[in-house]
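Chemist: Residue strings, one per chain:
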Amino acid sequence: MKWTNLITLLLASMMVASVQADPETDRQALRDFYQQKFPDIDLAEFKNGVYAIDSKMREQWLEMEDFPAYEIAIDEGEELYNTPFANGKSYADCFGDDPGVKHNYPMFDQARGGVVTLEVAINQCRKEHGEAALPWLVGELAEISAYMAYQSRGKSIDIKIDSPEAIAAYDDGEQFYYTRRGQLNFECSGCHQQNVGKMLRAERTSPTLGHTTHWPVYRGRWQYVGNIQKRFQECNIQVRAVPFEAQSETYRNLEYFLTYMSNGMELNGPGSRR
Amino acid sequence: MKILWISGLIILSVAACDSQEKVTETAVEPAVAEVAAVVAVVTQTQDFASLMQQAEDLYMQTKVAKHAWLINLDRIKDARLAAEKGDMDTAVANAEEAIKLSRLALNQAESEKSRWQARVPQ
Amino acid sequence: MLRVFESVNNLLLTAGIATALLLATGLVDAQEGAIADNSVEAELAKRIETGRGVFETRRKGNCLSCHLVIGSELPGNAGPPLIGMQARWPDREALKAQIYDPTLRNPDTIMPPYGLHRMLTDEELDVLVDYVLSL
Chain Z
1 MKWTNLITLL
11 LASMMVASVQ
21 ADPETDRQAL
31 RDFYQQKFPD
41 IDLAEFKNGV
51 YAIDSKMREQ
61 WLEMEDFPAY
71 EIAIDEGEEL
81 YNTPFANGKS
91 YADCFGDDPG
101 VKHNYPMFDQ
111 ARGGVVTLEV
121 AINQCRKEHG
131 EAALPWLVGE
141 LAEISAYMAY
151 QSRGKSIDIK
161 IDSPEAIAAY
171 DDGEQFYYTR
181 RGQLNFECSG
191 CHQQNVGKML
201 RAERTSPTLG
211 HTTHWPVYRG
221 RWQYVGNIQK
231 RFQECNIQVR
241 AVPFEAQSET
251 YRNLEYFLTY
261 MSNGMELNGP
271 GSRR
Chain A
1001 MKILWISGLI
1011 ILSVAACDSQ
1021 EKVTETAVEP
1031 AVAEVAAVVA
1041 VVTQTQDFAS
1051 LMQQAEDLYM
1061 QTKVAKHAWL
1071 INLDRIKDAR
1081 LAAEKGDMDT
1091 AVANAEEAIK
1101 LSRLALNQAE
1111 SEKSRWQARV
1121 PQ
Chain S
2001 MLRVFESVNN
2011 LLLTAGIATA
2021 LLLATGLVDA
2031 QEGAIADNSV
2041 EAELAKRIET
2051 GRGVFETRRK
2061 GNCLSCHLVI
2071 GSELPGNAGP
2081 PLIGMQARWP
2091 DREALKAQIY
2101 DPTLRNPDTI
2111 MPPYGLHRML
2121 TDEELDVLVD
2131 YVLSL
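Protein sequence lines correspond, in order, to chains Z, A and S. Residue numbers for the first sequence follow my numbering, beginning at 1 and rising by one. Residue numbers for the second sequence follow my numbering, beginning at 1001 and rising by one. Residue numbers for the third sequence follow my numbering, beginning at 2001 and rising by one.
One or more hints might be untrue.
Using C-beta positions, here's what the derived DEER-type ranges look like [unchecked claim]: (1) A/VAL1042 - S/THR2103: 22 to 28 Å; (2) A/ARG1080 - S/LYS2046: 34 to 40 Å; (3) A/LYS1077 - Z/ALA111: 29 to 35 Å.
Only part of the chain A face toward chain Z is listed, based on derived beta-carbon distances under 7 Å [what the hints assert, rightly or not]: (4) PHE1048; (5) GLU1112; (6) TRP1116.
It is worth saying that the hints were derived from the structure and are not from the lab. These figures come from a predicted structure and were not determined experimentally. C-beta: ideal position from N, C-alpha, C; glycine also.
Just chain Z, with the same shape it has in the complex (with noise of 0.2 Å):
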């Protein structure tokens, strides 16, 4: 690398360290405002999302996932994994040996210009070898998600932002969910942060911390398996906000901000909920 490139290179990286948040000192502030908030709790133990703060919900919780409904969609993604494309080629070729890559995802492509999800990456991986895309919230593309967040459990979330791009693409998804939306004019922080763990109904509130480790999730309100996109947009028609398109920018964004939280946790999914 020549010195100049090298001098621009760290001049941009002072820029955005000036103008943008740090997504590290972000984390930590986050991991620290739930210590805070609940001090018996090790924070490991979010990846259970709710049933880490609620222990009665827990127990229904455990014995939901003596028997878990979304067993038989990683059995028919592990299917729809394995079945070569039309070309002979198969996910493989995309993915590697191993199919328990989500904790690399979503991820910044540099040559794209913008956020990858898991999600993206199968299809692309399709299209690639000449398939058709598939549908992006439930189905067989979210059947194929949970195989390989099946295939992930146990590794840990590691999420890289290392570009002012990625920086850029974190920013915008950290704002959206720090902004009021909707004629209710919520964020998404006022109900998993400021009044996290509080009861709406018989709903009570789960942390952002965590949110990410267990996708798909199948939930007792939809009766299927499904992406987490799928459930942002439940969450902003909630808000009575115009939800946005699965896997546009701004869900992206925001599953790449949502995902940087929970870096260093340990996925779990998929997962089940009420």
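Dock chains A and S against the given chain Z, drawing on the hints supplied.
Modeler: Then chains A and S, alone, in the frame of chain Z:
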């Protein structure tokens, strides 16, 4: 669009003048009243069209700002349905409500720009 | 001559009707005085009941989502319990303003601005205040 309406109005007025010449003196007043009613409906429809245009433009602005509200879609849909049925009062009321909602959503988008950062844990 | 007679007759008739009306109104007035308290109470009870509907309906106030009311099933606790509201909000208009836009008093509150964001009509806000003040 506007030109169409204006030419429509001119045709109507010319038609009204024509008919006035032919009718007897006693029939003039009802004919004028009829024309006035038609003109009123045309004016209302024209007002509604521009109101609806404004409602849709503002809604698009809220979408671009990423602050669109679901209720706004209902109001715009209701306005269109009422207009199709010829219920112009309901149509206008819904379009006006949609405009108000969009302005509130845009206010929200604007004020949040300086507020969100304070909510990030430090 | 005939004309004069007619007009006198009319005059008498008018006077007669007027007297009857006056008498009738007087009677009604007397009756109203006796039952005034009851009907005001009944009217308020009706408003409180309508307000309760606004309070509980999910597409309207959906207030139970966050507030406890004595006797309510599965209340939320994101907001304070609504008890002794007359004492806490002696100024009716202040309470109405609080529901209209709570962010004026506390910019950080998560409570939605029900009036400002046109989620409830002015009439709905009024009966809602009646109900909340009855708690």
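Chemist: Check each numbered hint against the structure and report the violated ones by number, ascending.
Modeler: Going through the list in order, the structure violates hints 1, 3 and 4 and respects the others.
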